[in-house]
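*Asks:* According to UniProt numbering, the stretch in the sequence shown is residues 1 to 343, in order.
Calculated from the structure, these hints are not laboratory results.
Keep in mind the model is a prediction, meaning the values are calculated, not measured.
All the given hints hold, so there is nothing to weed out.
Below 27 Å or equal to it, Euclidean Cα-Cα: the simulated BS3-like pairs (lysine-lysine) are:
| no. | residue 1 | residue 2 |
| --- | --- | --- |
| 1 | Lys89 | Lys16 |
| 2 | Lys89 | Lys101 |
| 3 | Lys329 | Lys213 |
Label-pair distances were calculated between CB atoms; the ranges are:
| no. | residue 1 | residue 2 | range |
| --- | --- | --- | --- |
| 4 | Asp135 | Leu65 | 33 to 39 Å |
| 5 | Gln309 | Phe41 | 43 to 49 Å |
| 6 | Arg138 | Thr257 | 43 to 49 Å |
| 7 | Phe285 | Gln309 | 39 to 45 Å |
| 8 | Phe285 | Asp135 | 21 to 27 Å |
| 9 | Phe51 | Gly273 | 34 to 40 Å |
| 10 | His252 | Val59 | 41 to 47 Å |
| 11 | Gly263 | Leu18 | 37 to 43 Å |
| 12 | Gly263 | Val203 | 19 to 25 Å |
| 13 | Thr43 | Lys308 | 40 to 46 Å |
| 14 | Tyr66 | Arg339 | 46 to 52 Å |
| 15 | Ser53 | Pro183 | 45 to 51 Å |
| 16 | Arg339 | His252 | 20 to 26 Å |
Heads up, the beta-carbon is just placed ideally off N, CA and C, and yes, glycines get one too.
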Amino acid sequence: MGISTVLPSQPPLQVKTLQKQVLEVLGAYQYVLTFIFMGLFFTLLVFYLLFTSLWSFSVLYLVWLYLDWDTPNRGGRRCLWMRNWTVWKHQRDYFPIKLVKTAELPPDRNYVLGSHPHGIMGTGIFCNFSTDSNDFSRLFPGLQPRIAALAGLFRLPVFREYIMFNGVCPVSRQSLDFILSQPQPGQAVVILIGGAQEALHAVPGEHCVTLRKRKGFVRLALRHGASLVPVYSFGENDIFRLKAFAAGSWQHLCQVTFKRLVGFSPCIFWGRGLFSASSWGLLPFAVPITTVVGQPIPVPQCPSPTEKQVDHYHTLFIEALEQLFEDHKGRCGVPASTRLTVL
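All chains should be modelled from the sequences, with the hints used to inform the complete structure.
*Replies:* Listed below in structure tokens is the structure:
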């Protein structure tokens, strides 16, 4: 029989002061600006400084980058201090974001957490697994969570350091094999399975996940005997508005082609204005996000899994994700008639 535990982000009926509201807005806004602009800004800055009297700073950093190039694939450098920054609590309270536990995840084994939906920026997943603002360490003692992200992000100067400190690692075989091969159990790799393709379906009110042909995470779990855990973030698709293009249209074709070449999909999205809820902007809408962590699916260790084994556990995962969605959609404000669409 499963359990359901959620640590509240705030005491009930708490009246927020103006200062608290401002801090929450800034907390949510800084995440968006960092996600969109930080990598580009520091890439341009390092290049620009090469042609100024401060060129030595860029040269020294580039030397460091060369020497440190393989660190992301070897577990990175997770910083517990950064996980506990106060800004993450303000970001959590803005929406608010909650973390729900439905089963025990004993720290005597490893886990592959398959998370959906990706949304535009994976806000709920970042808040719940890359930070400790919702007391992940108390809900799941002994687990070391790491979010797997696009490998190309770790080529961006300075930004790579920032996301590594937050416990983010490349979503590559080398990186994930290294983490799950550590002698210390309790490694929990969080993979946004749908990735950039799923971001194209981040339409408010819709629950569409890209999973049917994504089986690499199952092979990973089988190679290491890591339990599979379904994770679903209700509300993730509702914090931004997305311009969705019809499949087969030239706009959609451009998005898919760009994704194949670069690794991520260019999306046209918007939120509310910083100072006015009636204007357009990059501030997310304050819609509750509830991340539900399901029950683990035990997986045997098979260094060379067969397609039959992969298909078997892939089917079990899909069924568990669908059941997780059905069990919790009502309390998360999703109409009873809504079904999870698996593409």
